[in-house]
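**Student:** Listed here are the chains, written in short residue letters.
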Amino acid sequence: MKIGFCVEGSTDRAFVTGLRDRWCPRAELVEGLFRGSTGMSQRRELLRSCTALNLKGVDAIIILTDSNGFSWRDIRKSLCEQLPSEYLHLVVVGVPDRNVESWICCDKEYISRVTQIPFESLACSDPKDVFEAFMEITRTDKREREIASIVQKAPIQNWFTNRSFEDFYEDILKFSQRNGCQIRNEREIEI
Amino acid sequence: MIKSFTVDNFKSLVNFNIRPAGLNLLVGNNNAGKTNICHALRFLGLTAKMSVDDAATECTAEPWNLLNVYLRKDTLNLSITCDLNYQEEAVSFSYELTLAAHKGLRLQNIRTFTVDSEILRISGERFADVVLLENKRGRAKLLHEVRFLKGHSSGAEALYVETMAPVDATMLFRLFDLETNPRSNIFKRYLSSWGYYNLDPTNLRSKHAKANDEFLDSKGTNLSSVLYTLHNVKPRIERKIIEAVRVLEPRLDLLSYQSPDPDHVYMYFEDGKGNKFGVDNISDGTLRYLAICYLITSLREQTSDRAGSPLIIIEEPENGVFVHHLKTLFGTIDPSGKEGQLLFTSHSPYFIDLFDSSLDGLFVVKFVDTHSLLVIPEPSKLSERLGKFSLGEMHFQDLLG
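Listed in order, the protein sequences are those of chains A and B. So the first sequence is numbered by my numbering: it starts at 1 and just counts up by one. So the second sequence is numbered by my numbering: it starts at 192 and just counts up by one.
No false leads were mixed into what you were given.
Only pairs whose alpha carbons sit at most 25 Å apart, straight line, appear in this in silico DSS-like list of lysine-lysine:
#1 K2(A) <-> K557(B)
#2 K142(A) <-> K153(A)
#3 K174(A) <-> K153(A)
#4 K2(A) <-> K572(B)
#5 K56(A) <-> K579(B)
#6 K518(B) <-> K410(B)
#7 K467(B) <-> K398(B)
#8 K2(A) <-> K579(B)
#9 K264(B) <-> K327(B)
#10 K153(A) <-> K108(A)
#11 K56(A) <-> K2(A)
#12 K2(A) <-> K153(A)
#13 K56(A) <-> K557(B)
#14 K142(A) <-> K128(A)
#15 K240(B) <-> K332(B)
#16 K2(A) <-> K174(A)
#17 K327(B) <-> K294(B)
#18 K56(A) <-> K572(B)
Sample of chain B residues with no beta-carbon within 10 Å of chain A, all distances over it, derived:
#19 T248
#20 L262
#21 T272
#22 E279
#23 T303
#24 V321
#25 R330
#26 V337
#27 G342
#28 D404
#29 G469
#30 V470
#31 L490
#32 N510
#33 L564
Chain B residues, not near chain A, derived (Cβ > 10 Å throughout):
#34 N220
#35 A291
#36 T519
#37 T561
Source of the hints: derived by calculation from the structure; they are not laboratory data. Predicted model, so just to flag it, every value in this text is computed and none were measured. In this text, a Cβ means the ideal position worked out from N, Cα and C, and glycines have one as well.
One chain only, chain B, in its complex shape (with noise of 0.2 Å):
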């Protein structure tokens, strides 16, 4: 689980530090920066699956636009602490990556980017802040976690192994998953887990299948596929997911898939009487709880198979759903983020009104002049005023921070 995630230079977000909660909500005005935050925490987990260069594209569509405007800096600086378990030892990291942007290498006035540093330390039981991995503009060395462990330290069997590291991706990225660095493959794994999502019910009806459908993607073009994917595999997850959205959906009885070729898969709302409704024809918002639903079930799910909880973000899970349906969804969540840490973004104050037994994962952003600033209300403060006011209401009177 985060403890800690601090930012600088990434868009609005100048020397910004959260510590989140099992269970968080960003709320603040449009064009505060709650997305930057967002997209800030869903860069760095790309940076461990892909290149740097390919990790900005995909996280936000204009890499060349991913540093402050106002700080006429060319450096990137992202730094994560958090806590995991390997093989019921309880770890905690601490990862810090320094990306360099470069004008003009490709084109001219947009920027790439390369790792200028990155170290990766552990502490626990047998580790007191040790390093695990550090990469120094292409030198790299990695811990030979066995040999820590059994305390060699000779010249042929030397703790670090040295390597030369590439610039334009992490070494996290690049690192292979051995026998001698199982701890820093699982912290690899963990930022991989992060997902973000933004979900809209035009993606939500695609049909096209992706080669790897195991996850849902970010914009949930490859819903229909991921539940296929689990219907034929874990079939007790998919169940659990339509009694969810019986709860808005009465009348499902089952989800019933087509998939002609590999590339397709058609998804059908089934009721009672084997009557089938194609994507095309169920609301925009039942999609859209449909793909919460998957994703807080599959998240639990993928919990008990993981060294720590994934995190999972969803940016307004609102939109297009009957309100009190979002209350018994959000009774189903497990707010000390033991089945996952989630994040959402939200503007609705009916939305907000949930989180009044979860204050310590209540953060307000605001933009100040040329960055964005992290408010957090003061729970003592916050559970005084719900006598009087609810939490959304406190919202829209502007009386969170």
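Here chain A stands alone, though its shape is the one from the complex (with noise of 0.2 Å):
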């Protein structure tokens, strides 16, 4: 299986990793490219990258992108309506309440334990800047590995307090079951 995926920057590049090691460890991952660095620019260019992902052969496209504070459901609902009809089968479109580290970061416990962050410390509104201070994220070293590592292991059902993640990860179920996947229902899994 090849899954497709169009991302802003590497800790959602790694997140999608670990949610591919979590679920479906033997799919191959594209990235879709895009022009310039920022969301605009990925939104700009969406339908493009689509479009090549879709010539790659992908199975499914996963759409990652910042709301930064912003309505997460309106960024949602727009970028659905910018792609055309012909894609539509293939995408998922997640949006973060903020950004990717505030999913990474719904189970303070959890991220807590594993990256030594003082409890207290996540309890704010954007963790992104203390998860990438705590991870050691530098310019030259994004901690990809470590960061699709955390993903893979984290009890996602804690996870599921956050709406915007829940979305994300329902649309994921459904496409799974519409395409006859096998990714595990983490609703039904004991803590």
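Mind docking these for me? Both chains are given alone in their own frames, and the hints should help you get the complex.
**Tutor:** Next up, the structure:
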């Protein structure tokens, strides 16, 4: 199976890799490329990225984009409206309520344990800075492998407290059921 | 014009074949082997005008690294087929050269090369795959073309002249330009005319002149001197080059020169009011553009003088040049190759975009395990995708092959 994905940055890429390792370890990930480096560029070039991924023969396309404090529901809705109907059946859109770090840090207890971030430091509206600082993410070392591993092993059922992640997960679950995949239902797993 | 080029055991090129069109572009990731293809062509061209070791040194600066490191084979094979004209007669040549590498002849681990064998064949209206020249480990035979065409083949007037050949150079390099072998010499001159250019602005600013400044050297170190020669010998071509550069630098009225001694030439850009700007005050991109305009314009002129259109290889011509100007320059090139066969390498999506009407000359080079692989994108597939992506965008999206 080939999974295409289109993301803004390295943490988003690591997030998708972690989910792939967790649910679909044999799938090949193919990154959709776009000119520019911002979320605005990503959204502008979305159609091209999807077309390119489709030509590369992917079975699914995951799109992750930050909402950065704007309404994640509005961004998600406008993204879905932008997508041409021929790709809709392939695409799963994820828009975190702020950024992907806000999903990763949903379970404060788990993140605090695996990254040594003090629990109280995670009690903020945007955990991106503190997460990057404790993960020692720098311009040259994005720690993608470590972040992917954190996502792969995370107790995801605890992430359902985050509404934007819950929507993303529901869409992935529906997509997998529609396409006969075997991703596990995280809600049924006991902690 | 080159129809086919095959090379085996040259750097990353193992049993590698390319069939270039008139206008060609090599694209691929870094270290995929694009430059190795250019160097292999250049190396073959140089063996027709210098010894094999000198050609290896001139071509790569590291002759001991000429062979594929994984293959562990001590022979290097190069072969080419090309179509040329001899006195209005269309002829096709095929040339095969096998070199043997010897370790430690001079210094430990430093390879030197000897000619193992070479063979030059000709086909055409009056020749049916006839051997013009054959050299096997120092014993060579050359066709007496006049006798062949007259149909003579008796004892004293044998068709082939046998001779000893040097082992450190090709017989083609040592060939005398005689009335008895004009076609072999046409081929030799054709190979010798190939040019490889990796233009560096620092070199383009050099004021040093060389003894033979008829042609630009591969790094462009004699640009001022070459243009000065052109100014004195063919001012009409110099004028054409100035007009081409004016697209990029509208203030340029003429190029003026000072040559205080035979070893130096100082070139100036002069505007309509007589203000002079030395090459040190000209931008890198403008100088590169001037050199490329020179190459393309003089290539066209050379073609009319020669038996065939020469091959010109230019690495990354887009460097430092505003992309729109490249399109203007590109528009002056004849893609059929009749005015010269061109081979470019590039990473720039904007430059790659310009090849959307020359898809048969587009080649993608990839490196796989131990060697380079040539991927030829299917033109029909590309044409279909051009409705959605530009060619450069396809390269960026890794959709070319």
